[in-house]
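Asker: So you can see what is in the structure, the chains are spelled out below.
There are 4 protein chains.
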Amino acid sequence: MAKKLYFYYSAMNAGKSTTLLQSSYNYIERGMQTLLFAPIIDERFEGPTIYSRIGLKQKAIGYDSSFSFFEHVQNEKTNKKDLKCILVDEAHFLSKEQVAQLVEIANKLDVAVLTYGLRSDFLGEAFEGSKYLLAWAEELVEIKTICHCGRKATMNVRVDEEGTPVTQGTQVEVLGKASYISVCMKHFIDMVPEMDKYAFEAETTTV
Amino acid sequence: MAKKLYFYYSAMNAGKSTTLLQSSYNYIERGMQTLLFAPIIDERFEGPTIYSRIGLKQKAIGYDSSFSFFEHVQNEKTNKKDLKCILVDEAHFLSKEQVAQLVEIANKLDVAVLTYGLRSDFLGEAFEGSKYLLAWAEELVEIKTICHCGRKATMNVRVDEEGTPVTQGTQVEVLGKASYISVCMKHFIDMVPEMDKYAFEAETTTV
Amino acid sequence: MAKKLYFYYSAMNAGKSTTLLQSSYNYIERGMQTLLFAPIIDERFEGPTIYSRIGLKQKAIGYDSSFSFFEHVQNEKTNKKDLKCILVDEAHFLSKEQVAQLVEIANKLDVAVLTYGLRSDFLGEAFEGSKYLLAWAEELVEIKTICHCGRKATMNVRVDEEGTPVTQGTQVEVLGKASYISVCMKHFIDMVPEMDKYAFEAETTTV
Amino acid sequence: MAKKLYFYYSAMNAGKSTTLLQSSYNYIERGMQTLLFAPIIDERFEGPTIYSRIGLKQKAIGYDSSFSFFEHVQNEKTNKKDLKCILVDEAHFLSKEQVAQLVEIANKLDVAVLTYGLRSDFLGEAFEGSKYLLAWAEELVEIKTICHCGRKATMNVRVDEEGTPVTQGTQVEVLGKASYISVCMKHFIDMVPEMDKYAFEAETTTV
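Residue numbers (my numbering), protein chains in the order written: chain X, 51 to 257; chain L, 51 to 257; chain B, 51 to 257; chain A, 51 to 257.
Don't read these hints as lab results, they were simulated from the structure. Glycine included, each C-beta is placed from N, C-alpha and C at the ideal position. Nothing false has been slipped in among the hints.
Derived DEER-like restraints, expressed as beta-carbon distance ranges:
1. A:Asp210 / B:Gln124: 31 to 39 angstroms
2. L:Gln218 / B:Met51: 29 to 37 angstroms
3. L:Glu79 / A:Glu212: 52 to 60 angstroms
4. L:Asp160 / X:Thr214: 25 to 33 angstroms
5. L:Ser116 / A:Gly105: 52 to 60 angstroms
Straight-line C-alpha distance at most 27 angstroms; calculated DSS-like pairs for lysine-lysine:
6. L:Lys202 / B:Lys134
7. B:Lys194 / L:Lys158
8. L:Lys107 / L:Lys127
9. A:Lys202 / X:Lys158
The task is simple: from the sequences and hints, build the whole structure.
Answerer: Laid out in structure tokens, this is it:
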């Protein structure tokens with residue numbers, strides 16, 4: 051029976067990795083096997099590791115942009131008959147091709163695919179991986195967190211050591227040395243000029 | 051108080067327009083005013099009209115790619131103090147700029163913004179409007195419908211008069227003379243070769 | 051394959067019946083058959099009818115407290131091979147026994163069961179049907195509506211002709227001559243003294 | 051501004067306590083304070099402790115059936131200006147009175163209330179606390195877990211040392227020496243005769 055592709059999305063620091071590790075734990079507790087994937091780009095730690103701020107960590111299989119999820123899972127499945135679920139951390143870093151492979155894994159290999167990631171970067175721009183996960187996942191599930199004002203946080207702001215918003219730089223620093231805070235849209239607009247630019251300074255439209 | 055941007059997404063023929071008209075009705079019944087928007091591109095009917103297959107219809111304000119939602123709503127609000135909500139049909143056709151304006155309407159004009167649209171087109175490709183609604187909306191809500199197999203339908207297939215899948219053509223025919231059926235991802239893969247291509251024939255990746 | 055029991059819950063006047071009729075329409079449009087059920091207690095109209103404030107209506111099979119859903123659906127299914135879904139309006143009026151039958155219909159007869167109803171009555175008390183639908187339904191889905199203050203409405207207040215809250219009377223007048231408004235919890239507490247009583251005047255506890 | 055009462059519900063062993071501890075962590079990380087509550091009935095550990103199977107634990111304030119949440123939170127709030135959220139574990143054990151107090155805390159003391167608990171016991175019967183949380187919470191959020199068959203688990207089965215279902219005993223053993231497994235409704239019906247009894251052997255109805 052075909053399984054589903056899930057995308058658990060949220061702002062930074064909501065507990066995505068905790069939820070991922072808990073879900074994997076639940077599968078294993080019930081006698082099913084899982085595989086964990088994390089991007090190699092994450093250099094916070096030695097080797098690909100899924101790390102939760104609350105104090106949990108676990109080794110994972112590393113992936114970069116040339117990694118074939120479909121091939122890897124297909125191979126693993128010949129050995130592990132009980133492989134029922136794969137879980138992908140930082141899934142906003144996936145390519146379109148890789149998200150399509152996850153779709154195929156769920157529907158052709160009958161393995162549930164749980165992905166966890168951000169929706170937009172520090173300038174509000176959509177990530178490639180999230181764009182296709184949001185378009186194709188059979189289930190979109192929000193992991194909620196809060197802005198300092200108490201409203202739900204949905205956006206990410208990059209800050210320097212003094213806590214001042216940074217609005218220059220590349221998308222991939224997301225997991226480098228930069229710090230991030232998660233805020234509601236109202237505070238994102240206040241702190242980052244990009245949303246105003248998108249709304250009022252566009253030269254061209256794309257319909 | 052800042053209001054929210056909602057994106058009600060679903061496959062074709064799920065009842066998006068019915069839900070839109072019901073929500074507008076609810077606001078008006080409680081003494082609040084609304085504005086309805088529909089794309090001018092929809093030539094099914096005379097003038098911009100929101101039409102529900104179940105038998106409801108209502109005139110709407112037409113928008114094309116050069117339409118400024120922010121300006122329009124800001125002006126209307128000076129007249130209508132009770133304007134509390136705007137509702138946008140076929141919101142996948144919005145430009146990035148227009149979605150950013152909807153974000154600003156919710157957060158600066160304190161008007162709730164309810165948008166309704168598809169996630170992906172007949173080849174599985176993401177729409178521009180949906181890409182940014184999925185990235186920025188404070189609430190993503192699915193309107194469910196079913197595949198002919200009984201599973202949830204999440205994808206759209208364009209079919210000709212004989213019901214054969216069509217995999218050539220432009221995205222905007224979506225609202226022209228083409229017919230569509232909504233299917234689950236498994237049947238989408240069976241009927242449309244594009245998802246296999248995305249997964250296994252990509253030359254380049256985009257991380 | 052076992053199907054699911056769904057409970058679509060909301061406050062009064064949110065559009066539950068509209069959603070029910072749309073969902074039935076979707077099934078039929080895809081070549082599947084449905085059965086609609088409405089309580090006989092509803093005397094607003096001639097015969098059991100599902101009526102939507104927005105202008106839709108449709109005949110339904112009437113049920114009272116002695117009606118056996120399981121027997122009825124089992125019989126119908128021998129004739130209608132394509133019976134894939136039943137839809138139950140005003141489902142808060144169901145008995146525990148009847149909700150259990152709906153569970154069995156989904157799991158033993160492989161027919162999807164979509165129920166629509168309120169969570170609590172005009173004094174905040176839980177309905178018998180809702181109590182068990184909320185406990186057993188595989189999917190709980192909220193149909194949102196708004197309070198006059200703009201917040202989400204989750205509670206129901208009975209009002210007289212002058213719009214004054216009524217806090218005396220029986221639960222079943224819900225569908226009689228009484229009028230109702232749907233409000234957020236904050237306004238419910240302001241308008242109806244019961245919640246304060248539940249919180250601060252209880253003589254006994256029930257753990 | 052009034053805050054909301056949330057009920058995070060799930061079957062046993064889904065990760066409710068992990069989610070609770072993560073949410074508390076998120077509040078504290080953003081400079082807000084929280085209070086944690088756990089039932090004294092839980093004798094698994096010394097003192098009231100919120101324990102997560104995945105390896106997290108934290109001390110909590112104990113509550114029994116005579117505990118006044120409203121009074122406690124009101125007092126705490128005079129000292130802690132930054133108290134923004136309380137989190138209640140095993141919330142199915144609450145009394146109606148206590149759930150009503152949580153409603154008042156959210157709406158009158160402007161403190162968010164996050165509760166975590168089961169919907170039904172080992173015989174499928176609704177818990178008192180869950181009955182009113184499901185009726186009154188402004189947000190119902192499911193924490194998903196899986197049955198051994200791969201479907202979503204929504205029901206709880208009590209088992210003895212050999213893993214045989216137990217269908218005799220009291221509701222409160224839930225947290226005693228009994229073991230539990232979480233299953234989908236189809237497997238619950240197969241393992242526990244109660245649902246069939248509810249559906250087909252009822253002598254009286256309760257509409």
